[in-house]
Amino acid sequence: AQSVTQLGSHVSVSEGALVLLRCNYSSSVPPYLFWYVQYPNQGLQLLLKYTTGATLVKGINGFEAEFKKSETSFHLTKPSAHMSDAAEYFCAVSVPPHLTGGYNKLIFGAGTRLAVHP
Amino acid sequence: NAGVTQTPKFQVLKTGQSMTLQCAQDMNHEYMSWYRQDPGMGLRLIHYSVGAGITDQGEVPNGYNVSRSTTEDFPLRLLSAAPSQTSVYFCASSYLGEVSYGYTFGSGTRLTVV
Numbered sequence: 001a002q003s004v005t006q007l008g009s010h011v012s013v014s015e016g017a018l019v020l021l022r023c024n025y026s027s028s029v030p031p032y033l034f035w036y037v038q039y040p041n042q043g044l045q046l047l048l049k050y051t052t053g054a055t056l057v058k059g060i061n062g063f064e065a066e067f068k069k070s071e072t073s074f075h076l077t078k079p080s081a082h083m084s085d086a087a088e089y090f091c092a093v094s095v096p097p098h099l100t101g102g103y104n105k106l107i108f109g110a111g112t113r114l115a116v117h118p
Numbered sequence: 119n120a121g122v123t124q125t126p127k128f129q130v131l132k133t134g135q136s137m138t139l140q141c142a143q144d145m146n147h148e149y150m151s152w153y154r155q156d157p158g159m160g161l162r163l164i165h166y167s168v169g170a171g172i173t174d175q176g177e178v179p180n181g182y183n184v185s186r187s188t189t190e191d192f193p194l195r196l197l198s199a200a201p202s203q204t205s206v207y208f209c210a211s212s213y214l215g216e217v218s219y220g221y222t223f224g225s226g227t228r229l230t231v232v
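Here the protein sequences line up with chains A and B, keeping their order.
So the first sequence is numbered by my numbering: it starts at 1 and just counts up by one.
So the second sequence is numbered by my numbering: it starts at 119 and just counts up by one.
If you're looking for bench data, these hints aren't it; they were derived computationally from the structure.
Ideal Cβ placement from N, Cα and C applies to all residues, glycine included.
It is possible that some hints are incorrect.
Said to hold, decoys possible - DEER-style ranges, computed between Cβ atoms:
| no. | chain 1 | residue 1 | chain 2 | residue 2 | range |
| --- | --- | --- | --- | --- | --- |
| 1 | A | Ser3 | B | Asp191 | 46 to 56 angstroms |
| 2 | A | Ser9 | B | Glu177 | 13 to 23 angstroms |
| 3 | A | His117 | B | Arg228 | 22 to 32 angstroms |
| 4 | B | Thr125 | A | Ser70 | 13 to 23 angstroms |
| 5 | A | Gly16 | B | Glu177 | 19 to 29 angstroms |
| 6 | B | Leu197 | A | Pro40 | 23 to 33 angstroms |
| 7 | B | Gly171 | A | Ser3 | 45 to 55 angstroms |
| 8 | A | Ser26 | B | Gly169 | 24 to 34 angstroms |
| 9 | B | Ala200 | A | Thr52 | 20 to 30 angstroms |
| 10 | B | Ser198 | A | Thr55 | 28 to 38 angstroms |
| 11 | B | Asn180 | A | Val29 | 40 to 50 angstroms |
| 12 | B | Met159 | A | Ala115 | 42 to 52 angstroms |
To be verified - Over 12 angstroms on every C-beta distance to chain B, these chain A residues come out as not near it, computed from the model:
| no. | residue |
| --- | --- |
| 13 | Ser14 |
| 14 | Glu15 |
| 15 | Val19 |
| 16 | Gln45 |
| 17 | Leu46 |
| 18 | Lys69 |
| 19 | Ser70 |
| 20 | Glu71 |
| 21 | Thr100 |
| 22 | Gly101 |
| 23 | Leu106 |
| 24 | Phe108 |
| 25 | Arg113 |
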């Protein structure tokens with residue numbers, strides 16, 4: 001069965017420091033993996049995704065994530081945090097249509113709230 | 119291209135009142151869903167639909183009704199509001215059966231039940 005675990009409900013970094021948000025997944029089939037970002041009082045916005053091919057994927061605002069099958073991980077990183085990165089981040093794994101009865105389904109982690117301090 | 123539009127953005131209800139949260143998308147997505155977001159609990163699926171006339175329950179359906187008469191619209195109805203339904207509600211849509219696109223989310227409705 002598909003599931004997602006985000007390690008750390010709150011992460012705090014200084015401006016300019018490395019951002020590392022952890023996501024581990026479980027999937028019975030090769031997964032599609034997603035990171036979404038939610039800025040305060042807004043909806044969720046797709047940050048990046050891994051489907052097939054290159055395991056290092058780049059997203060918006062300088063974020064990237066690496067799919068590591070051996071570690072069942074899809075951690076999100078950014079070399080240098082900016083104040084505007086303060087938001088909640090959600091990792092998600094797809095459940096393929098043949099397991100859901102024919103429709104697209106994402107399973108979300110509980111979210112990690114990122115705080116960036118001056 | 120408006121994407122997914124949710125109305126209203128904010129609502130305060132009294133216990134026992136009913137209301138409908140609106141969700142509309144203009145991307146011709148077959149799949150639409152409603153989530154609630156509560157602190158520390160992430161996103162929980164309330165109801166979903168795979169096309170006009172077809173709906174099904176998610177993990178927290180009690181107290182909510184849905185219908186899907188058109189591809190574009192997927193309203194969520196609270197029949198008798200309770201304080202436990204105070205939450206932020208998100209509508210999301212996607213193409214049916216194509217997982218690589220992920221979901222497109224609306225901007226949310228913040229509901230307070232007093």
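Results for each hint:
no.	hint	result
1	A/Ser3 / B/Asp191: 46 to 56 angstroms	violated (32 angstroms)
2	A/Ser9 / B/Glu177: 13 to 23 angstroms	holds (20 angstroms)
3	A/His117 / B/Arg228: 22 to 32 angstroms	holds (27 angstroms)
4	B/Thr125 / A/Ser70: 13 to 23 angstroms	violated (46 angstroms)
5	A/Gly16 / B/Glu177: 19 to 29 angstroms	violated (40 angstroms)
6	B/Leu197 / A/Pro40: 23 to 33 angstroms	holds (31 angstroms)
7	B/Gly171 / A/Ser3: 45 to 55 angstroms	violated (31 angstroms)
8	A/Ser26 / B/Gly169: 24 to 34 angstroms	holds (29 angstroms)
9	B/Ala200 / A/Thr52: 20 to 30 angstroms	violated (45 angstroms)
10	B/Ser198 / A/Thr55: 28 to 38 angstroms	violated (49 angstroms)
11	B/Asn180 / A/Val29: 40 to 50 angstroms	violated (31 angstroms)
12	B/Met159 / A/Ala115: 42 to 52 angstroms	violated (19 angstroms)
13	Ser14	holds (25 angstroms)
14	Glu15	holds (25 angstroms)
15	Val19	holds (20 angstroms)
16	Gln45	violated (7 angstroms)
17	Leu46	violated (6 angstroms)
18	Lys69	holds (17 angstroms)
19	Ser70	holds (22 angstroms)
20	Glu71	holds (22 angstroms)
21	Thr100	violated (9 angstroms)
22	Gly101	violated (8 angstroms)
23	Leu106	violated (6 angstroms)
24	Phe108	violated (5 angstroms)
25	Arg113	violated (10 angstroms)
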